[in-house]
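**Student:** Next come the chains, spelled out residue by residue.
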Amino acid sequence: MTITTFFSKEGRFPQLYRFTLRQNAGYFGLASLLIFLLYPVQYLMEAFKRIPEASYAYLPEAPDPFSNYRLYGLGRNFTEMSMVLFTMLFLLLPFVLALMLNSYMHSKKAADVYHSLPVRRETLLVINAAVAMTIITVPLVVSNIIVAAAAAIKFGGAAPIGYQLLDMLCWLACAALIYSITTCVCVRVGSVFDTFLFSGVLFFTCPILLATVFVLGESFLYGFYTPPFFGHLCLWLSPVLFPIDRFGYYYDSYRFGTGMGDNAIFSKYFPGSNITMILYFVLAIVLLLFAMKLYSSRHSEMAETSTSKGFLPSVILLIGTVIGSIYTGLLFYYTMNESTFAYFLWAIIGGLVVFAVLAVILNRGFKTLRKEIPKGACMAAVAVLASVIMVTGGLGYSSRVPKLESLKSVETNWSGFYKGMGQNFSYRSAELTTQETMNALIEYQKAVIESHKGNPDKVYEDFASENQIPAYTTMSLTYKKNGSAMYRHYNDMVSSGVLEKLIPLEIDESFQRQVNPFFLIEPDNIGTWVIADPLGWNQQEVTLSAADNKRLLEAVQADWLAQDEASLLHPTQPVLAHLALRLKPDYQDAAVSVIEYGPSYASVYDAESEIYMPVSGANTIAVLREMRLLPGEPDLKECIGAAVDSSHDYDIFYDDGTGTSKRRFTVHDSLVTLINRTSDNGEIVYQNLKKAFAQEAKERYYYNMESYFEDPEDIKALANGIVPTWRADEPCINVTFFSKDHNTCRSVLVPLSKLPVPLQQKLEDFQF
Amino acid sequence: MIETNALVKRFGDFTALAALTASIPKGSVYGLVGSNGSGKSTFLRLVAGVYQPDGGTLAVDGQSVFENTAIKQRIFFLADDLYFLPQSSMEDMACFYQRAYPSFSREIYGKLCTIFPLDPKKKLSTFSKGMKRQAALLLGLSCCPDLLLLDEAFDGLDPVIRSAVRKLLSDEISEREMTVVITSHNLRELEDLCDQVGLLHQGKILFQREIDELKLGFCKVHAAFPAGIEDSQLKELDIMQLTRTGSLLNLIVRGNAEDASHFLLQKGAVFAEGVPLTLEEVFVHEMEAVGYDYNNILF
Chain R
667 MTITTFFSKE GRFPQLYRFT LRQNAGYFGL ASLLIFLLYP VQYLMEAFKR IPEASYAYLP
727 EAPDPFSNYR LYGLGRNFTE MSMVLFTMLF LLLPFVLALM LNSYMHSKKA ADVYHSLPVR
787 RETLLVINAA VAMTIITVPL VVSNIIVAAA AAIKFGGAAP IGYQLLDMLC WLACAALIYS
847 ITTCVCVRVG SVFDTFLFSG VLFFTCPILL ATVFVLGESF LYGFYTPPFF GHLCLWLSPV
907 LFPIDRFGYY YDSYRFGTGM GDNAIFSKYF PGSNITMILY FVLAIVLLLF AMKLYSSRHS
967 EMAETSTSKG FLPSVILLIG TVIGSIYTGL LFYYTMNEST FAYFLWAIIG GLVVFAVLAV
1027 ILNRGFKTLR KEIPKGACMA AVAVLASVIM VTGGLGYSSR VPKLESLKSV ETNWSGFYKG
1087 MGQNFSYRSA ELTTQETMNA LIEYQKAVIE SHKGNPDKVY EDFASENQIP AYTTMSLTYK
1147 KNGSAMYRHY NDMVSSGVLE KLIPLEIDES FQRQVNPFFL IEPDNIGTWV IADPLGWNQQ
1207 EVTLSAADNK RLLEAVQADW LAQDEASLLH PTQPVLAHLA LRLKPDYQDA AVSVIEYGPS
1267 YASVYDAESE IYMPVSGANT IAVLREMRLL PGEPDLKECI GAAVDSSHDY DIFYDDGTGT
1327 SKRRFTVHDS LVTLINRTSD NGEIVYQNLK KAFAQEAKER YYYNMESYFE DPEDIKALAN
1387 GIVPTWRADE PCINVTFFSK DHNTCRSVLV PLSKLPVPLQ QKLEDFQF
Chain U
21 MIETNALVKR FGDFTALAAL TASIPKGSVY GLVGSNGSGK STFLRLVAGV YQPDGGTLAV
81 DGQSVFENTA IKQRIFFLAD DLYFLPQSSM EDMACFYQRA YPSFSREIYG KLCTIFPLDP
141 KKKLSTFSKG MKRQAALLLG LSCCPDLLLL DEAFDGLDPV IRSAVRKLLS DEISEREMTV
201 VITSHNLREL EDLCDQVGLL HQGKILFQRE IDELKLGFCK VHAAFPAGIE DSQLKELDIM
261 QLTRTGSLLN LIVRGNAEDA SHFLLQKGAV FAEGVPLTLE EVFVHEMEAV GYDYNNILF
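These protein sequences, in sequence, are chains R and U.
First residue of the first sequence? That's 667 in our numbering, and the numbers climb one at a time after it.
First residue of the second sequence? That's 21 in our numbering, and the numbers climb one at a time after it.
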């Protein structure tokens, strides 16, 4: 068969194409109307909506012209409504068209007419495909032209029309593939119902099977890691899910290149997504050719018969049985105390039940069910066997640790102290190549496995007996070898002793240069420095010259790298100041927040975007002193009370912002929390809260059953105990000193062991 | 025109046609009779290229039909269960066939529209069963096929239309040497139309004859013997069936009616005359001659 055969000499292809299109003009019109209503009309309504003056006032300053419009998608061309409804319509359309246009082969009467025509079957299939794609493509292209024109008028050069048109190709690729898959199924089955059923299963098979592997891995393999890419891959594996994934990325010229938020996803997955789109087109063509091949030898007598035998139904039964079996097993595994016996038992039962249900549907009744039972049992056994490897440890997967000499590098999400601090740095990961750091990660992994292997509950038992303070850690490791990689992810409670294995990272320059914002920030991007005295009082916000920014930053870096293991866990230098830097507005999310929500929110976001460290290093102190910025010693007589919050340190602590050693980093978090909770009225609430803060805080601490000290001796003892960092498994408290005049104050870290014994006793009595 | 040799078609475990061998000459009207499920429609679908043979050969003018557009454009198949495009009129269907059949003649279509009392613009779904059948025949004839396959084509047609169709078919056959294959489970429908008939039973042609040849071999004679006559006196006649109703004898005998009547008059009949045999009667006796009980096969 050659292509010329489709377009036979007599010109029957174009004639029959035109005729079929005319026959389906009603559907064409309906599809066009719905696409028009759900896509360009929605866009026009949103893009040309009236914006309230209050919001409009900030527009001139807005770097992002879309900030006042709820437009989403790669081309910023979808509203919330169109994202849902247009997606549903456009993914259903090729499916319905394939069912409808090819339904003649599922009717004996119609097959008699069509199959006796002097037209090759392949030609009939191509005519229908061409008609379907016309019905899909024409309204989509016209709608996109309308949207592109409207975007150009409204947003000018900022309108990402190129991306919008690229996205249009993506929709077409998905539609083409959905049509081809459904057509392939059409030519293999005898009824529209079977086509509907089988196609529906096939659309979701690949993502569900892939997701099932990950679910099994996450359930049974300790350290199993599902890289984020595979989440996207699951969506890429189905044309009905692929466009949903693409809604997740959008090109944002304002943020592009900053590695922030959605743009990070855009940069990472967009190329792969485009390749997938091209593959969809190729696959659609290949499947259509395959369908043509199958159709040329299709038995017309299949029409109006149920398809319960053959390759396709067997595959559908197997897939259904495997998925049903595994998920039923998992359901009972989790509801019955993670019992593997329960898993296997219910996996078999679930597999058989799902098989029986599918067999009854495929055979349109129960008559043949008894005969099918052995087949069902085999399929359920296959499903259970498929998960045995996972359930029994994945052939050593859970305990496998790489050899140091085989590694080229190790990538980790661990970012120590600054993890999760500052929105711009939340998603950073580090790639380490030194022997010390790679070995530290291997040793950490060994310790985690060992602690899990011996007795997973030991860490809780130790906590209960006060031997250790456990930490909840989230650690991802990618061991890179020559041409291969090994992924592990540990999301578990570990003893702080295990965490200490990571100390070599904290004092490693290459690691710090990749994760520590004090190393990552460019001096030019520093807005202001906030410097406070050791009690967190007398805050002053200063703006330095670029040269001074650089000097201070380099001093902070030098002090950081001068630390060793001992000074990290038990520093001897006192805290002389608290230093925080705030980024320039155009480099942080705060700017966007101001535009979106108004100026009263700026402080809230500024506060969260601060990067903080207690100052005890000689270099920083020297530079601050030289710049006359080193605060003086606070007068303890001004202190009216000290609130002690020990909950973090007597309880489980989380790795975010803690690292291998303990530090306080929270910037007057109580105030921020209160503002966040009540900031509906903006500025007024904020001012009132500032004034009332000390009293509020005092009442709140008492209410929360925390300690509040007003005895000057106790306050002095607490102030003397302030440290920049401390060993993670040793109890520490967070202290907030309040004064009559200083509304702004900072929580500081005080190890319990540095307090006089009576005060320690008092705290412990109060705590428990 | 059509040559089949050991043609086999199976539907799962059921064999619809088992080694069917037949030959249908060009320009003939071939009647295929058989009970329900005997394989008549299956045979037509195989000839039309709807079905693929599972064994044996089937050739129309020496070429296989399945997916052979060159041959298929000379064949028009009219199934017993008619199908028209949804919401279509006869005019729509004419457009459809015009695009599929290069030989479709607008002229003939227009002419036939004047013969058949049908509104070409009216939706076919509003037509009665007989009208739909007329429309289908009209469209089939408009395609000017060399081979017209009619499956129970006269089912639902009134005598006037039947007669008109018969004439149209005769004209086409004489003008273009069109070959027609008609299936029916009712021999009476075919006897005034066919040149040749075949009886299909259990997937095989049991019997195939020229109509004229069939009718020449037998005759039916009515004779009255008021005084009665013994069976032994009729020995000289090759009697296939004899029934008595009082003094009236009905005989089916081999040979011609004239000789038989003459013989009976000589034996004392007050009158004796030949009457035409129905095709069914011919079939009954031909089949009995080859050892089958016709009534068990067809009814």
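A few of these clues could be false.
[Stated by the list, open to error] Derived lysine-lysine pairs resembling BS3-like cross-links, with alpha carbons at most 30 Å apart:
(1) R:Lys775 - U:Lys255
(2) R:Lys775 - R:Lys1033
(3) U:Lys141 - U:Lys152
(4) R:Lys774 - R:Lys1037
(5) U:Lys149 - R:Lys1041
(6) R:Lys774 - U:Lys152
(7) R:Lys1119 - R:Lys1074
(8) U:Lys287 - R:Lys774
(9) R:Lys1074 - R:Lys1033
(10) R:Lys774 - U:Lys141
(11) R:Lys1147 - R:Lys1074
(12) R:Lys1147 - R:Lys1069
(13) R:Lys934 - R:Lys975
(14) R:Lys1428 - U:Lys131
(15) U:Lys149 - U:Lys131
(16) R:Lys775 - U:Lys287
(17) R:Lys1303 - U:Lys143
(18) R:Lys1167 - R:Lys1420
(19) R:Lys1250 - R:Lys1216
(20) U:Lys287 - U:Lys46
(21) R:Lys774 - U:Lys142
(22) R:Lys934 - R:Lys1420
(23) R:Lys1146 - R:Lys1074
(24) U:Lys287 - U:Lys255
(25) R:Lys1303 - U:Lys287
(26) R:Lys975 - R:Lys959
(27) R:Lys934 - R:Lys959
(28) U:Lys152 - R:Lys775
(29) U:Lys46 - R:Lys775
(30) R:Lys774 - U:Lys46
(31) U:Lys143 - R:Lys774
(32) R:Lys1167 - U:Lys187
(33) U:Lys224 - R:Lys774
Everything labelled a hint here was simulated from the structure, so no lab data went into it.
Just so we're clear, the structure is a prediction, and the values are computed from it rather than from any experiment.
**Student:** Failing hints, ascending?
**Tutor:** 1, 5, 8, 9, 13, 14, 16, 17, 20, 22, 25, 27, 32
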